[in-house]
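K.L.:
What follows is the residue order along each chain.
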Amino acid sequence: MIVIDDLEKEFGGPSGPSPVLRGISLSIEKGEVFGIIGRSGAGKSTLVRCINLLERPTRGRISVAGRELSGLSGAALRAARHDIGMVFQHFNLLSSRTVQGNVALPLELVGLSRAERLRRVDEMLELVGLTDKRDSYPAQLSGGQKQRVGIARALASRPSVLLCDEATSALDPETTKSILALLAEINRTLKLTIVLITHEMQVVREIADRVAVLDQGRVVEQGRVFDVLTQPTHAITRALVREVLNLELPERVSARLRHSPQTSPGLVMRITFTGPSANEPIMSDIVRRFGVSFNILHGHIDYIQNAPYGTLTVEAGGSEAGLQAALDFLRIKSLKVEILGRVAAPDRAVA
Amino acid sequence: MSQRLIELLLEALWETLAMVGVSTVLATLIGVPLGILLLVTQPGHILSRPTFNRIAGAVVNATRSTPFIILMVAIIPLTRMLVGTSIGTAAATVPLVIAAAPFVARLVESSLREVDSGLVEAAQAMGASPLQIIVKVLVPEALPGIAAGLTITVVSLIGYSAMAGAVGGGGLGDLGIRYGYQRFQGEVMLAVVAVLIVLVQLVQSLGDYAARRLNKRERSQANR
Numbered sequence: 001m002i003v004i005d006d007l008e009k010e011f012g013g014p015s016g017p018s019p020v021l022r023g024i025s026l027s028i029e030k031g032e033v034f035g036i037i038g039r040s041g042a043g044k045s046t047l048v049r050c051i052n053l054l055e056r057p058t059r060g061r062i063s064v065a066g067r068e069l070s071g072l073s074g075a076a077l078r079a080a081r082h083d084i085g086m087v088f089q090h091f092n093l094l095s096s097r098t099v100q101g102n103v104a105l106p107l108e109l110v111g112l113s114r115a116e117r118l119r120r121v122d123e124m125l126e127l128v129g130l131t132d133k134r135d136s137y138p139a140q141l142s143g144g145q146k147q148r149v150g151i152a153r154a155l156a157s158r159p160s161v162l163l164c165d166e167a168t169s170a171l172d173p174e175t176t177k178s179i180l181a182l183l184a185e186i187n188r189t190l191k192l193t194i195v196l197i198t199h200e201m202q203v204v205r206e207i208a209d210r211v212a213v214l215d216q217g218r219v220v221e222q223g224r225v226f227d228v229l230t231q232p233t234h235a236i237t238r239a240l241v242r243e244v245l246n247l248e249l250p251e252r253v254s255a256r257l258r259h260s261p262q263t264s265p266g267l268v269m270r271i272t273f274t275g276p277s278a279n280e281p282i283m284s285d286i287v288r289r290f291g292v293s294f295n296i297l298h299g300h301i302d303y304i305q306n307a308p309y310g311t312l313t314v315e316a317g318g319s320e321a322g323l324q325a326a327l328d329f330l331r332i333k334s335l336k337v338e339i340l341g342r343v344a345a346p347d348r349a350v351a
Numbered sequence: 001m002s003q004r005l006i007e008l009l010l011e012a013l014w015e016t017l018a019m020v021g022v023s024t025v026l027a028t029l030i031g032v033p034l035g036i037l038l039l040v041t042q043p044g045h046i047l048s049r050p051t052f053n054r055i056a057g058a059v060v061n062a063t064r065s066t067p068f069i070i071l072m073v074a075i076i077p078l079t080r081m082l083v084g085t086s087i088g089t090a091a092a093t094v095p096l097v098i099a100a101a102p103f104v105a106r107l108v109e110s111s112l113r114e115v116d117s118g119l120v121e122a123a124q125a126m127g128a129s130p131l132q133i134i135v136k137v138l139v140p141e142a143l144p145g146i147a148a149g150l151t152i153t154v155v156s157l158i159g160y161s162a163m164a165g166a167v168g169g170g171g172l173g174d175l176g177i178r179y180g181y182q183r184f185q186g187e188v189m190l191a192v193v194a195v196l197i198v199l200v201q202l203v204q205s206l207g208d209y210a211a212r213r214l215n216k217r218e219r220s221q222a223n224r
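Line by line, the protein sequences give chains H and X. Just so you know, we're using the UniProt record's numbering here: the first sequence kicks off at 1 and counts up by one. Just so you know, we're using the UniProt record's numbering here: the second sequence kicks off at 1 and counts up by one.
Worth flagging that the hints you see were computed from the coordinates, not collected in a lab. The structure displayed is predicted, hence computed values, not measured ones. Take these hints with a grain of salt, some might be off.
[What the hints assert, rightly or not] Which bits of chain H does chain X cover? Going by a derived footprint, with three or more residues having C-beta under 8 Å, they are:
| # | region |
| --- | --- |
| 1 | 75-83 |
| 2 | 103-115 |
[As the list claims (entries may be wrong)] Computed, partial: chain X to chain H, Cβ under 8 Å:
| # | residue |
| --- | --- |
| 3 | 118 |
| 4 | 119 |
| 5 | 122 |
| 6 | 124 |
| 7 | 125 |
| 8 | 126 |
| 9 | 141 |
| 10 | 143 |
| 11 | 145 |
| 12 | 147 |
| 13 | 151 |
| 14 | 216 |
| 15 | 217 |
| 16 | 218 |
Backbone N, C-alpha and C fix where the C-beta goes; we use that ideal spot for every residue, glycine too.
Could you build all of it, start to finish, from the sequences and the hints given here?
P.N.:
If you want it as structure tokens, here you go:
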């Protein structure tokens with residue numbers, strides 16, 4: 001749906017051109033929600049503005065729905081933009097127009113008749129749940145309502161792509177959730193391709209199918225959200241993931257691990273559950289079969305894209321043979337097991 | 001107050017209103033488009049034309065830096081060409097328009113500049129042409145500011161029109177100078193000043209009301 005090929009963007013400055021995007025290539029499928037995440041200054045806003053040519057790329061190609069955009073200008077570019085909706089962090093609604101007038105604006109631009117405009121506006125307001133605010137001015141709306149108007153306006157010309165530039169960053173967590181739910185619903189019902197720019201992993205986790213991590217103008221990591229979240233490889237990604245999935249051991253436990261002699265019997269391991277295995281009673285199986293006891297040190301279960309994902313850090317006690325058999329069993333069940341160390345006899349009763 | 005004085009005052013008031021009214025309309029017709037051009041032709045704006053912008057800016061500044069009384073005298077040949085005479089109410093409107101149009105242009109330009117650039121960006125993202133951005137976004141959003149600017153223009157024009165009276169332009173200023181100053185009739189001068197005060201107050205109140213009505217930005221309501 002959207003193909004970005006070796007995109008580069010430089011901004012001219014007093015000390016010569018400075019690169020903002022350096023060789024970005026992305027391919028975004030039709031109907032998917034694609035997240036682009038990065039810290040501020042990573043170039044993500046510039047990237048999304050290149051998709052509808054609000055920023056003109058210095059080099060590289062962009063095509064949307066099979067149409068090469070990077071060569072277009074004037075009327076042809078404007079026509080292409082009717083097919084790309086955009087939602088902004090600060091809503092960018094006209095204060096002089098009512099909700100209805102704001103949503104009708106893109107339709108006026110394409111020269112739709114008044115009757116047709118009114119019909120389309122009503123349809124859009126119904127979609128975003130703001131029918132009763134039809135005649136209000138933006139100043140009378142809350143942030144979440146303003147963004148709903150922004151979404152209705154972006155969708156009014158029936159685009160095939162929706163670009164969201166930090167669409168929820170100015171909203172509180174609860175409103176963010178409701179706006180994300182609305183975007184997910186639109187994605188589902190209208191089969192709309194959504195590109196989402198954000199600095200919050202929470203947003204990506206909530207609705208994106210795939211994600212690209214941007215750092216200093218480069219894509220450092222990309223893939224399915226589940227994979228990127230559960231197996232982040234780049235340092236920036238790990239830092240972003242840490243904000244939503246706390247996989248670190250609590251300081252108390254890790255301190256004990258560091259100072260323990262390596263010869264003592266207690267084995268500390270981190271077991272990662274993904275997909276179907278998260279629903280099986282594996283731990284109790286091991287206890288029963290191999291006579292191994294577990295002391296749970298730390299645990300966490302989360303849902304990414306409705307798939308369960310959990311980690312459990314346990315201290316296992318028992319005979320060497322029993323422990324070995326337990327490890328083998330876990331591996332047969334294809335769970336990820338990391339041995340974190342051995343600790344001195346636990347200072348509390350073994351579970 | 002004598003019947004004669006009232007007649008004089010009414011006639012002068014009518015002349016002033018005609019002068020100010022006609023010059024306001026003409027100055028607006030010239031100044032608003034000029035102000036829009038001053039903004040949108042700036043480098044990097046929606047109709048970037050740096051050379052045109054520099055020249056237009058210089059002309060506007062030159063006109064604005066010429067004192068009105070000098071401008072009035074300097075353009076007498078032009079005035080003669082346009083209205084056939086350089087004396088009287090009609091002749092006075094020519095320098096008034098030429099003085100006020102650049103003033104309006106600068107006020108309009110600064111009101112338009114106040115419009116959030118995000119709105120222009122949003123309109124561009126929707127595929128709006130430069131003309132559509134001006135007509136549907138910039139001007140409507142800047143309307144409260146433009147209304148306030150026009151109010152200032154009208155008040156300034158009332159002042160300038162009194163000056164035009166000094167060189168035979170007619171109107172309240174002319175009346176005040178001829179009767180109040182040259183014939184030592186202090187009460188005529190006082191009456192003229194009183195009428196001008198009332199007039200300016202009325203214009204200002206009307207302008208404030210219009211600007212308030214046009215401003216939808218801070219109209220809060222309980223249904224948040």
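K.L.:
Which numbered conditions among the earlier hints are violated in the structure presented, ordered from lowest to highest?
P.N.:
Violated hints (numbers, rising): 11, 12, 13; every other hint is consistent with the structure.
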